[in-house]
Structures are given as C-alpha cells and as structure tokens.
Amino acid sequence: MSDGDESHTETRREFVKAAAGTTVLASFAGCAAQDDSGGSGDATATPVGSADETVSFEGFEVPASNVQPASELSGEQEIDELSLIVNPPKNTPNDHETSKVFAKEAAKLGLDIAVETKTWPSQVETVWYGADWDMTFWQMVGRPSRLDPDEFLTQMFHPDFQSGYNYYFWEDEEYTDVVETQRRERDEETRKQKVYEAQRIINERGPSTFLMYPKKTIAWNGAKWDNIVELSGMGARNMLTFSQMEPTTDDTQLVVSGDAEIEYINPFQQSGEIDMMQNRMLWDRLVWPDENARPQPRFATELNWKDDTTLEVPIREGETFHDGTEILAEDVKFSFDVHNQFSTYYSGAVKPLASVEVVDDYRLQFNMNFHFAPFPLTGLGRIGIVPKQKWEEIIDSKMEKENPMLYQEETPTGSGPMQFESWEQGNETVLVKFEDHFDPIAYDERVTRIIPSAQTTLSQLQEGTIDLLGNYKGDKNVLQERVDASDSLEMAATTTAGFKQISYNCDKPPFHIDAFRQAMGHRFDKDLIVDQIYSGWGEKAPNTPTSTALEFWHNENLEDRAFSLQKAANTLAQAGFVWSEGDGKLYLPADKATVPDEEIQYTETPSN
Amino acid sequence: MGKKEFVVRRVFQLVVLYLAIASMLFFLFRAAPGSPLATFIGTGFTQAQEEAIRESFGLNDPLWLQYLKFLKNALLFDFGLSYTTSKPVMQLVGERVWNTLVLMGSSVVLAYLFGVPFGAYLAWNRGELTERVGVVFALVSRSAPVFWTGILGIWLFALELNLVPAGSMTSPGATFSSKFALYTSLDFWHHAILPAVVQAFYYYSLPALLMRNSMLEVMNEDFVDFAELKGISDRMVMLRHAARNALLPVVTAFAIAAGYAVGGSVIIETVFAWPGIGRLMVNSVVANNYPVAQGTFLILAVLVLLANFAADLAYGYIDPRITYE
Chain A
7 MSDGDESHTE
17 TRREFVKAAA
27 GTTVLASFAG
37 CAAQDDSGGS
47 GDATATPVGS
57 ADETVSFEGF
67 EVPASNVQPA
77 SELSGEQEID
87 ELSLIVNPPK
97 NTPNDHETSK
107 VFAKEAAKLG
117 LDIAVETKTW
127 PSQVETVWYG
137 ADWDMTFWQM
147 VGRPSRLDPD
157 EFLTQMFHPD
167 FQSGYNYYFW
177 EDEEYTDVVE
187 TQRRERDEET
197 RKQKVYEAQR
207 IINERGPSTF
217 LMYPKKTIAW
227 NGAKWDNIVE
237 LSGMGARNML
247 TFSQMEPTTD
257 DTQLVVSGDA
267 EIEYINPFQQ
277 SGEIDMMQNR
287 MLWDRLVWPD
297 ENARPQPRFA
307 TELNWKDDTT
317 LEVPIREGET
327 FHDGTEILAE
337 DVKFSFDVHN
347 QFSTYYSGAV
357 KPLASVEVVD
367 DYRLQFNMNF
377 HFAPFPLTGL
387 GRIGIVPKQK
397 WEEIIDSKME
407 KENPMLYQEE
417 TPTGSGPMQF
427 ESWEQGNETV
437 LVKFEDHFDP
447 IAYDERVTRI
457 IPSAQTTLSQ
467 LQEGTIDLLG
477 NYKGDKNVLQ
487 ERVDASDSLE
497 MAATTTAGFK
507 QISYNCDKPP
517 FHIDAFRQAM
527 GHRFDKDLIV
537 DQIYSGWGEK
547 APNTPTSTAL
557 EFWHNENLED
567 RAFSLQKAAN
577 TLAQAGFVWS
587 EGDGKLYLPA
597 DKATVPDEEI
607 QYTETPSN
Chain L
-10 MGKKEFVVRR
0 VFQLVVLYLA
10 IASMLFFLFR
20 AAPGSPLATF
30 IGTGFTQAQE
40 EAIRESFGLN
50 DPLWLQYLKF
60 LKNALLFDFG
70 LSYTTSKPVM
80 QLVGERVWNT
90 LVLMGSSVVL
100 AYLFGVPFGA
110 YLAWNRGELT
120 ERVGVVFALV
130 SRSAPVFWTG
140 ILGIWLFALE
150 LNLVPAGSMT
160 SPGATFSSKF
170 ALYTSLDFWH
180 HAILPAVVQA
190 FYYYSLPALL
200 MRNSMLEVMN
210 EDFVDFAELK
220 GISDRMVMLR
230 HAARNALLPV
240 VTAFAIAAGY
250 AVGGSVIIET
260 VFAWPGIGRL
270 MVNSVVANNY
280 PVAQGTFLIL
290 AVLVLLANFA
300 ADLAYGYIDP
310 RITYE
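Chains as they are written, first to last, in my numbering: chain A, 7 to 614; chain L, -10 to 314.
Calculated directly from the structure, the hints in this document are not laboratory data. For every residue, glycine included, the Cβ atom is placed at its ideal position computed from N, Cα and C. Treat the hints loosely; a few may be bogus.
[Said to hold, decoys possible] Far from chain A, by Cβ distances over 10 Å, these chain L residues were calculated:
no., residue
1, A20
2, K61
3, N62
4, E84
5, Y110
6, V213
[Claimed, not checked] Here are the simulated DSBU-like pairs of lysine-lysine, each with C-alpha atoms no more than 35 Å apart in a straight line:
no., chain 1, residue 1, chain 2, residue 2
7, A, K479, L, K168
8, A, K396, L, K76
9, A, K339, L, K76
10, A, K404, L, K58
11, L, K(-8), A, K396
12, L, K76, A, K407
13, A, K96, L, K76
14, A, K221, A, K546
15, L, K76, A, K394
16, A, K407, L, K61
17, L, K168, A, K407
18, A, K439, L, K168
Pulled out of the complex, with its shape left as it was, chain L reads as follows (with noise of 0.2 Å):
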C-alpha cells in the first residue's frame, strides 16, 4: 500500500469515526437529565408559550427525526443554534476557538520546547544527582493542579511582582481591527504569557519524562556506541544521534497533547478569564445547550483526530525506516 492509499484509506475512517462520535454525542446529551429550557425560568411563561420556543428549537419533533438531521448536519459542521443565544453554533466556536488554539498551542510548543531538550539532558545524566532532582521537579509540575498554580502565579507575578495581568486577554475596553491584529499584539501576549506559562508548567513534564526514558533506551543501541568511539563530543552525540532517534513517541505524545490542550483549557481559561472554547463547552454542558456542547465536542474530536492523523504522515519524515505496507 502506498502513502496515497494508505491517506484515502484514513481519511474513509476519520469520517466514519466522526460519524460514529457525534452519534454517542447525540444519545448521551440527550440521555442526561435536565431541561434546555431551564435557562428561560423566570419568565412567566405559560405551558403554551413554552411549547412554542420548544417547538421553535425543534424539541418536539421525534428524537429519530432529530438525530437524522442532526447527522445530515454535522456532515456539513452545522450544528444549529444555541437554545440560549440563538447564534449559530459555529459562529459561537467560530468566535473563541482561535483565542484557545493559540493560548494553548502556545503552551503546548513552550512545553515541547523546554520539555524534550530536558528529558534528553536527564537521560545524558542518567544516575547522577541533577537527574534525580529533575525528576522530582518533573513529578512535581505534573502532579500540581493548574487551577492552583494558576492562582498562585497571579498573586505572585500579577499582584506581589506586577509584571502581568491578572487574568482577562486584553486590556479593558481595547478594540483590534482583526483576530490577526489582535494576536500579534503585545497587549495580548502580556495577557496571555502568564496563562500559557502556567499550563506548559503542567505539561512540560510529559515530553520530559517520556523523552528522558526513550533516550535511555537508544543510548544503550551500538550506533551510539559507535558515534562515541569515533570521538564525536557528547554534545553531538546527544543531540544529532540520541536525541533524535529518540523523538518517535514523543512525536505520538506532541500529537494527542495537542488535540487534548483544547479539551483541557476549560481550568486554565477559568481560571484566567480566558473566553475560549473551553467555556463554552462547559457552559453548554451544565445548560442543557445540546447544539453547542455537541458542536463544542465535535470540534475537539475532529481536532484530536486530525492531530493524530498528522502524526501518523509525520512518522515517515522523522523515521525513513517506517513504510506505509
């Protein structure tokens, strides 16, 4: 099977599993208890009048009925309105998931960054007294909830040092021509660094750790044996021999870290006011919202396996060895 053959054949499964995800979706929302409608208590209204904004957001029609155009719909990533703004679905992701991505593809590629050149610096140590430390270290950042580092890195940086916000993307009141103009402003970066810092600090430690073991197990193949005897500096050695045939599970890890970081920004975007999708997933679960909070799912699945997907074409880029057979 070649590398076209082995894409089509993907890309038939990357639909069938989407379709297969957004059905669980349907029933399990619809299998929770509560009422979509709980958002318009209060109102006064009578049975009748509430009939008429159930029928008007289609609750009424037989669930087949709904489930067939919801499918027919999630094929063309449309996902409806919301029951509590009216807004489409995907205008309403449209608006935020940009403001995740780049908060937490930011930390994702800080983590990265710091967390293989580390693990593979732990590995080189292996045994010695700065890789024990390190591993701790390690252990310790993945083990520290990021709502409470969160907290304790706005009163440290934002209220004892001052150095950045507390929370919020943007100054009050600041207005930017475009998304563009927006992230490529400093105004949004002194808001976003802390936020994003914070979570690489939870998220560092996987590349580390996963990095530091699969370093330890090349190092003991020949082929480093034999750059050392050759008297290349440990310093390349590492790096250009080690390092790098070291890199495939972390390439894998990169991967689903990347698809998970937008799953996973809900604390993070709480915690620092962040109005990203991580929100609107939650808020759209805890109401009942069907229409957004499948969207908002669909989304990060769609995400995850196209993610995953990228990673499967990466491998035969990092490793020659692999064939698409």
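For reference, chain A alone in the conformation it holds in the complex (with noise of 0.2 Å):
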C-alpha cells in the first residue's frame, strides 16, 4: 500500500464521492448506523420529520441538528487539512503504512488528511522544536528507566515538560495532580492505584493514540551460549543476559552485532541502544532491576528510605575501578553531582535530588526535594560510576567542549564486569573481561560489530560469526523463518516497555477538543494494524503508555475505544461539531472555534 510519495491526501472527496451514490436523506435514529466491523456501508433512506431526525453519510448517521448548509457555518469553524508527520517509509515501512491506513479512515468522518514524510532531523524539528503541526506518529523505545512507570507518565503529559517530551502540549490539571501524587507516594500499593488512575485518565480524554508495545525480537546461538535473560519490558539483549551468560563451548569471545554507530562511550552520553548496554557493562550502577523489572541492589548493598525524602546507601566495600583505585563513596557522590553541574543526557535523572552527602567511605545519604519514589529505578539504576579523580582532572583542563557528556577518555574507565580494550568508530568495539569484579562474567571477551544491513547480520548470525543479536530492525518473520530453519539458533520475541503512537498536537484545532481526539481512538483498527501491518509483532495497547510488560504497573481494567465510524461520529456530534450539507465536510462547532486564549508557558526547569 506504500506509494513511496512524500505526501498522500486522504481526503473527504473520496468519502463525497462515495456518499454521493447514496442519497444523503433524513432517518429515523438508530436505523442505519454502520459500523466498521460490519454492514453494507450503504446509507438509508427514510421519511424526515421525527423529532429524533437523522441524517445518513456513508458509514454512519448523526443527528439532524448537527448537519447544516454550508452557508450558515463561519469560516472559523472550518478545519483546514490535517497532516500526519511520519518518517520515510523506506526507514519505517510499517509505521508509514499505519499512518495512510489511519489517514484513509479518519479523512471517512469529511475531513482531509495529509500524511507527510519526514526525516528525523526534520521531524525533530517542526515537532519537538516547533508548534505548527497537527499530528505525528512517534515511537518511545524501552530503556531501563523506563521499567518505572513514572519516566512516561510525568514526562510525556505533565505541563512543566511541554518545552521537551509533553511536545503534545497537553494540560489536565485533574492528572497533573494524580502524577504527581503517585511519583511522591511511598506505599506501592497505594502509588499503583495513583499510576492506574493516570491510565485511566490519559485512556479517556489523553492527547495521543497509543497502537501498540512492540516485541524486542532478539536471537542468539544456542548451540554456544546458555542463561539468557529475558527482561520483562526489555527483552533478552540487556545487562542481566549479558551478565550472566555463559559460553558452552570453549570459544569465550561473545560477538554481538549493532546495527547503528556508537558515537561516545561515555559515562554521562547515550548515542543509542548500542551503547546504552555497553555503559552499563562498563561503569556499575547502584541498582539494576531483575527479571520483572523491579530494582534491586547491584553496586549498593541495599536501600534504607530512613524517613520520605533520605535514603540511605551503603556500598560494597574493597572493589576498585579498572585502573585499580579504589571505589568510595566519595566518587559515587561526584558521579551524581557532574550532572548537575553539567547538562548530560541524565540530567533529569538526579533532578529530585537536593545534595548527596558521603556519610563515610562506603555510605552515602541521596537528600531529595520530596519524596520520588521511582528514584531507585530512574535515578540509582541510571548514573554509572566514575572515577572522581580522573574525571576532576578531566573537566578542570581537559575538556574541548564546556560538557563532559561530550569529551571522549581515550581508555574509558568505570568498574563494571568489562573493561575497554579497543574502539575503532564504524567497525567493532572490544571489552574484556574485568576479573576483580564481584560478579565476574563467565567469557572472556565481548566484541560489539557494527553491522548496518539486516540481510547481513542474519547471515553473520547464519555462519556463527555473531554470537547475538544486539538490535534487529529487518523483517521479524524472515528472522523467526532463519531461526526455525536453524540447529543452533534461538530466539525470544519480548513485550517492551515502549510504544507506538500517533500523538496530536492539543494546542492546535481541532485537537483541543477533547472529543476529536476521543473521535480519532475510534479511527484505528488495531487487529489490522497490529496483526496485519505489524505482522503480529506487539501487543496492542489499550490507550494507555503503560506497557503490559509492567505487569505490576499496566491497568488491566482499561478498554480500548472500538473501530466504529458511528461511535467516531457520535462522539463529535454529542461534542456539537457539524457536518455541511452536500459535501459532508467536517465543522468545529461554534462554541469551540477557537483555541481558548492561553498562551503555553515554557517552564526552563523539568521539576522531576
């Protein structure tokens, strides 16, 4: 169905020329309605003068009072075309396909619908930079951070985030309030039913479509390597599996393929899925999550909330980094404090925190501004830790750039399981194993290759050079066929924490109306998007960002708004907005012709 253009209109003349084969008459209400998952399609004809008049369009009726002449409607009731922004379906096939299936069927309820191609770069631009955009597919991966709900609840729709991941502009003060409760909470169960409230309410009138968690597909060579560990919301490529497994036979080099650039490997930087793995292989973390995604103490020996806002850390005692000094409190303090003093990528991560006090050698005490409790997860679980002299010396005299996220150690130091042994950009990176650690791995060498072509990652998979699957963006299928037809390899297909959307931009008619975007839920036939398109790849998502991979966090108690035209229509009628006579052309109604006259206010510091 991917035509390859830059831009493709679904628009009202296809629903006009098809409605006009079925003269556009009065009905007599609930006699016609059609429904997308069945019936003719065919309009009714019936006797006008009930008082509960109707009238049929193709696919679905409204009331009569909310169809009028064209004549009669202003023109700041007009909606203008609607652009769908998506990347170029070269890079996201299915993505591109999703949008023009979307298009085709929202533009049914008279409106005209564009779906642009952009590049990232220029995708980033209008959307993220910029206002003047209607619609946008847009996907978030599943990263470690995000194993806590809070990461995409509080930063994608709280209003102090809209100069970065809230690009949606949306506002509800009645969930500002619940995201907030729940990331101050301390009781977990009382926290879950606050995080399910936010479900709830982000389902019922939120800014964005949410169509699906994707499934990580990653494969390996059984024949040479056991323990993999499949993380729930990451998939089977994270720091578990790569901690603990363990070759078979005596071959003790692991090969794993990425199919992107690492561009830093750097403590304070993430470039990309890649990299992000192989921080963590190389600087530790106070606390990794397990198997279920919960946190659990990894470079911290455990973790004493002593009242709402201190917690207290101690450490593991007589473990030294890579060049052989010694781990102490002191370093884990400066590792929190840099990103305070520099804008890194996890900035945000220690944003809570008011000071963090070295209480002795190997104790520290994390003071907070309030109580946050995803901080284990999003805050412990994400800042590596660095050796405080070097680094010192480093942002004292060594920098180019006034930013150590972006200064490049020649032989990058942490103290994890691995430690660098070479990196030539384009081609490999190689770690090896660091033997004083204390929780050594079992092989003795990790080789990531950098390989671009899916075709020839599943041959290098094939042939036993690669050893596992670092990312797979090709056809699934051809994957699950290759693995099938395979002695040794194995594969584990993972609902991730991420997802897939199609976002709306609140601060743009029609879609500062809440019942449009309640409309547009009704416009996505997820069986075939998710079973068809996506050839089964994911799990549809009930409208809410919390993925069913956090089993412990999703709401299983929300319901997902049906493929139906006539419950699309009915949802913009009851909302007052109108049809035009003759062509069916949708009309805002006039009450809500205008965006309400408060300007967005920017705020410059995220309060996470």
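Dock chain to chain to rebuild the complex, using the hints, since each chain is given by itself in its own frame.
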C-alpha cells in the first residue's frame, strides 16, 4: 500500500464520492448506523419529520441538528487539511503504512488528512522544537529507566515538560495532580492505584492514541551460549543477559551485532541502544532491575529510606575501578553531582536530589527535594559510577567543549564487569572481562560489531560469526524463519515497555477539543495494524503508555476505543461538531472554534 | 603554453573549484530541513541546556560568520568537530578513508584489469557469437544493483560455499599494529575479496564497452591494416597497435571512476558492513551533522578533481601527439 510519495492526502472527496451514490437523507435514529466491523456501508433513506431526525452519510449517521448548510457555517469553524508526520517508508515501512491506513479511516468523518513524510531530524525540528503541526507518528523505546511507569506518565504528560517530551502541549489539571501524587507516594500499593488512575485519564482524554507495545526480537546462538535472560519490558538483550550468559563451548568470545554506529563511550551520554548496554557493562550502577523489572541493589548493598526524603545507601567495600583505584563513597557522590553541574543525558535523573552526602567511605545519603518513589530505578539505576580523580582532571583541564558528555576518554574507565580494550568507530568495540569484579562474567571478551544491513546481520548470525543480535530492525518474520530453519539459533520475542503512538497537537484546533481526539481514537483498526501490518510483533495498546510488559503497573481494567465510524461520529456529534450539507465536510462546534486564550508557559526546569 | 604553465593554471582552477564546491555544500546543508540537535533528543534537556549545546558548536553565530569561518578552515582542511561525536572531522575521515580507498581501489583495478582486455577481445571478435554474448554479459552486470549482487554473493560464497566471511573488514576482535599491517594481512583480504569482486562486477562493464567501441574505431585506421599487411600476428596487432591507441578514453573513464568510486562506496560498505567513508557520509547527511557531511563531500570532491587532473597529465605520456598548447 505504500506508494513512496512524499505526501499522500486522504481526502473527504473520496468520502463524498462514495456518499454521492447514496442519497443523503434524513432517517430515524438507530435505523441505519453502519459500523466498520460489519454492515454494507450503504446509507438508508427514511422519511423526514421526527424529532429524532438523523442524517445518514456513508458509513454513519448523525442527528439532523448536527448538519447545516455550508453557507450558515463560519470560516472559523472550518477545519483545514490536517497533516500527519511520519518517517520515510524506506526507514519505517510499517509506521508509514499504519499512518496511511489511519488517514484514510479518519478522512471518512469528513476530513482532509495528508500523510507527510519527514526524516527524523526534520520531524524533530517540526514537532519537538516547533508548535505548528497537527499529528505525528512517534515511537518510544523501552529502556531500563522506563521500567518504572513514571518517566512516561510524567515527562510526556505533565505541563512542566512542554518544552520537552510533552510536545503535545497537553495540560489536564486532574491528571497533573494524580501524576504528581503517584511519584511522591511511598506506599507501593497506594502508588499503584494512582498510576492506574493516571492511565485511566490518559485512556479517556489523552493527547495520543497508543497503538501497540512492540516486541523486541533477539536471536542468539543457543549451541554456544546459555543463560539468556528475558527482562520484562526490555527483551533478551539486557544487562542481566550480558552479566549472566555462559559459553557452552571453549569459545569464550561473545560477538554481538549492532545496527547503528556508537558515537560515544561516555558515562554521561547515551547515543543509542547498543552503547546503552555496553555502558552498563563498563560503569556499575547502584541499582539494576531484576527479571521482573523491579529495582534491586547492585553496587549498593541495600536501600534504606530513613524518612520520606532521605535515602541511605551503603556500597560494596573493597571494590576497584578498572585502573585499580578503590571505589569510595566520594566517587559515587561525584558521579551524581556531575549531572547536576552540567547538562548531560542523565541530568533529569538527578533533578529530585537536593544533595548527596558522604557518610563514610562506604555509605552515602541521598537527600531529596521530595519523596521520589521511582528514584531507585530512574536515578540510582541510571547513573554510572566514575572515578572522581580522573574526571575532575578532565573537567578542569581537558575538555574542549564545556560538557563532560561531549568528551571522549581515550581509555574509558569504570568499574563494571567488563573493561575497555579497543574501539574502531564504525567497525567494532572490544571489551574484556574485568577479573576483579564482584559479579564476574563467565566469558573473556565481548566484541560489538557494527553491521548496518539486517540481511548481512542475519548471514553472520547464521554462519556463526555473531553470537547474539544486539538489535534487529529487519523483517521479523524473516528472522523467525531463519531461526526455525536452524539447529543452533534460538529467539525471544518480548513485549517491551515502549510504544508506538500517533500524537496530537493539543494546542491546535481541532485537537484542543477532547472529543475530537477521542473520535480519532475510534479510527484505528488495531487488529489490522498489529496483526497484519506489524505481523503480530506487538501487543495492542489499550490506549495507555504503560505497557502490559510492566505487569505490576499496567492498568488491566482499561477499555480500548472500538474501531467504529459510527462511534467516532457520535462522539463528535455530542460535542457539537457539525457536518455541512452536500459535501459532508466536518466543521468545529461554533462555541469551540478558537483555542482558549491561554499561552503555553514553558518552564526552564523540569520538576522531576 | 608549456607543461609547467598548464599545471599552474590547473592548480589555480582546482582551488577555485574547491572553494565553489565548499560554498555550495555549506548553503545546501543549511537549506535542508531538520535539526542538527536531533541526536540529543531524549536527554530531557531544557531549552537553556539546548542553547548551551548550540552555542558550543557555533550554531548560534550569524550564518555569514559561520560561512566565513568555514571557508577559512576549509582551505586548511579543518572541518571542525562532529556534532554527534565531538571528534575532529578530519580524524573521523582519516580513520576510514583508507578502508574505502583500499577496497574501492582494488575493485576499480580489478574491473579495469578484466574490463579493458575483455572490451578489446569483444571488438576484435566483432560480429561473432562471443561478442554478442559478451556485450549482453556486460550490460547485465551493469544493470544488476550492487546491493542485490552483494547479498547474492554473501549467500553463495559465505553461507553456501563457506569460502569467505559474510561481511565486515576483519575477524571479530582481530588487532593490528598499524593500518599497513591491517591492509597487508591475510585476514583483511579474506574479508575484502568478496566486496571487491562484487563491486568490480558492477564496474568492469564500463571500461569493457568503452574499450570495445574505441577499438572498433581504431580498427578501421590505416595503421592497423598496415600492421596486418606487415604480417604481424593478430594477437600482436590487437595488443600493440589497436588496443594501445584505443586506451585514451578509457584512461579518462578510469580517472573519473576512481574518484566516484569513493562516493559510490556507500552501498557496498552497507551491505558488507565495511567501515568506510561512504557510510560516514550518509550517516552525517541523515543526522544533519553539517561538519562531517561537508568534510566528507569535500574530500570526495578533492579526489575527483585530483583524479581528473592526473588524467590530464597522463594524456601526454600515453599519447605523445597531445600537447599542452
């Protein structure tokens, strides 16, 4: 169905053309409702005259009071052509296909919708840095910090983040109150109920339609490697796998593929999925998730909340960095302070901290601005421990750019189970076993090879050069076929904590009206999208950003909007939207034709 | 005009052309939509923090100032720092350009070593079945996209016959004391042979068809008939008299092909996971990484300009009738 056009418009003209064959007449309510899930699609002509008069259009009917001659509708009520931004089909064919299917379905309501292809940098400029856009396809991937629901629930939907992840400009007082409460709640059960409540509000009136939670497909050579761990929400390629996997032959070199080049090997930066995992093997964290995505002490020995805002953390004693210097609480404090001093990739993770105090050589105290429930995973679980002395010297005298995130150490030094050996950018990175680690790995060397082509990646996996896919963006059915045909390959397909969504600009008509977004929610045939377009490699999202992979946090009581043209029309009609006689074009309600005069207030400092 | 004057004039032209290309690149990349900071999305930066990053890369300077700085630095082959890695562009280029030159140079040499005699052979057998089959063979190879022949090559020679590795430049974790040690190692050539042959399979048809056409013209010349009348063997007439005189357009094509081979390396580098300058070029364009994109394109332009210059100089040696007047 992809045609490769830069822009493809689904217009109401197609809808009108179809409607022209069926005389648009008034009918009795309830007689002729057509649903996407069945029915002939023909409008039914019935006599005019009842108080419950309805007008039938192709596939749906609305009360006659919602249909007016175009001459009686004001220019302000007109809905201009809406644009849906998506990346080029050559990069993301399924996303592009989904966008086209949705545009076609939504246009049936009397809208003109153009699918506009933009590259990622161009999309970022328009959506992230701009305000003049209507709809965009956007994917959020599962990462360790996202195994707690707070990152998505707060950063994407709290008004303080409208200069960042809340690019939708969504603001809802009730939601803001709920989401702020959940992150400050100490009792986990009570917090869970608040997280459920936040999801309910998003499900009901949120700024986005969540389509699916994609599955991460990771294959490996099962004849050579054992103990692969499927981490809930992240899949089989994760820090637990790299920490626990064991060779079953004499070959103790682990070769992992990566499809994108590693830009930095830096504890304050993350340039992609591949270096994210590599960094966690180089730089220890105080906390790691367990298989169920719940935080567990790692370099910390325990987490003691002394009161709501004071967390005491003892660390392992007698451990060293790769260069042999002992790791002390001072190093850990420094590792956190750097992110407050400079703008780094992880600066947001330390924002809830008021200060970090050294109690003694092996004990720290984290003083928080408020009780921040997700902190163990999203703060302690993200910040890599670096040697203070080395980085102080770098920051004082070696950085060309005033940011340690933009500095590349010649020999990156951490304390993780692997230490740096070599890096040839664009080709491969080699890490070797750190013998003195408290949780030593069972193999000697890990090579990350950069292979941009999915086909070549599969070939190297088949011929035995690669032991484990670090990432795979090719056709998952092909991967499954290759694994099925092989005696040695194994595969895990794990639902991730990320999601695919089509988001709306809530600051721009007609998306400033809740009902319009809700009506759009009825125009997604998720069975078709997930089962056919994505070949079942994902779970349908019941319109919440908290994935089913986060079993503890996902609200199972939510109902998704049915794929129904009639229900979409009903939602719009009840909100006062109007259709013009003759051409069936959709117009805004007269009383909501303009956006309320409220300026978006950007805040400089996110509050997490 | 003597040879010296010719060289000086051409060098001056090269510099002017280089600056013109640099200017075009500068404005073209800035006219392209997209944010160069896209790579930092997801960091949770505030607007103030993003401004600080912009400032550090000089993106807040007026465009004319950015342009002047760029031109001045371009003359010194200093293209600044990569937006994504903060490494000097010339360092990034230097790390990869030789990988590309060795691979693509090998494929071009292979293509011409086979293509030129093959073209001469086709011309010499004008009208025979071998010529017709040969021409079709050349056209098929030119029409087959490299990504397809590359994948076929990997399937056949790596997976089925197990003769060569399925891509990459070296065995995992292999280390070499220097680039020279790398390029002279068996491991490197074991990995390079398949992509070089696949690329040569695409390239060889150009010199083959060019040589064939050029030979057909030369074969009508009197000196060829004269050579035959002297009783020189067919083989010697073909090699010493016809082929040698038909080489001039092939030399021009070789110079151009050598230059373009670097720019055209991106597909073979992607299919075979070869860490070369072609992939660097494409990645930087996609990411709006202006310094790297400008640097790689300019290096490519320099290679094409130098190759053409070399071809001009080579004419005089190949055909003494050509002067620099």
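Status of the hints after comparison with the structure:
Non-interface status of A20 (chain L) relative to chain A is upheld: no Cβ of that chain comes within 10 Å, the nearest being about 12 Å off. No Cβ of chain A comes within 10 Å of the Cβ of K61 (chain L); the nearest lies about 19 Å off, and the non-interface call holds. At roughly 15 Å from the closest C-beta of chain A, the C-beta of N62 (chain L) stays outside 10 Å, upholding its exclusion from the interface. The beta carbon of E84 (chain L) sits about 6 Å from the closest Cβ of chain A, which is not more than 10 Å, so the claim that it is off the interface is violated.
Consistency note on Y110 (chain L): stated as away from chain A, and its beta-carbon is indeed over 10 Å from all of that chain's, at 35 Å minimum. Remark: the non-interface label on V213 (chain L) is consistent with the geometry, its nearest Cβ contact in chain A lying 48 Å away (cut-off 10 Å). Distance restraint check for K479 (chain A) and K168 (chain L): the Cα-Cα separation of roughly 32 Å lies within the 35 Å cut-off, and the hinted pair is therefore satisfied. Among the hinted pairs, K396 (chain A) with K76 (chain L) is consistent with the structure: their alpha-carbon atoms are about 20 Å apart, no more than 35 Å.
Distance restraint check for K339 (chain A) and K76 (chain L): the Cα-Cα separation of roughly 29 Å lies within the 35 Å cut-off, and the hinted pair is therefore satisfied. Of the pairs offered as hints, the one joining K404 (chain A) and K58 (chain L) holds, with about 24 Å between alpha carbons and a cut-off of 35 Å not exceeded. Our distance criterion of 35 Å between C-alpha atoms is broken by K(-8) (chain L) and K396 (chain A), whose separation comes to about 59 Å. With a CA separation close to 11 Å, the supplied pair K76 (chain L) and K407 (chain A) stays within the 35 Å bound.
Straight-line distance between C-alpha atoms of K96 (chain A) and K76 (chain L) comes to about 30 Å, which keeps the hinted pair within the 35 Å bound. The suggested pairing of K221 (chain A) with K546 (chain A) holds, with an alpha-carbon distance near 11 Å, which does not exceed 35 Å. With a C-alpha separation of about 24 Å, the suggested pairing of K76 (chain L) with K394 (chain A) holds against the 35 Å cut-off. Between the alpha carbons of K407 (chain A) and K61 (chain L) the distance comes to roughly 21 Å, so the proposed pair stays at or under 35 Å and holds.
For the hint pairing K168 (chain L) with K407 (chain A), the CA-to-CA distance comes to about 30 Å; that is within 35 Å, so the pair holds. For the hint pairing K439 (chain A) with K168 (chain L), the CA-to-CA distance comes to about 26 Å; that is within 35 Å, so the pair holds.
Figure legend: structure checked against the earlier numbered hints; hints not met, in rising order: 4 and 11.
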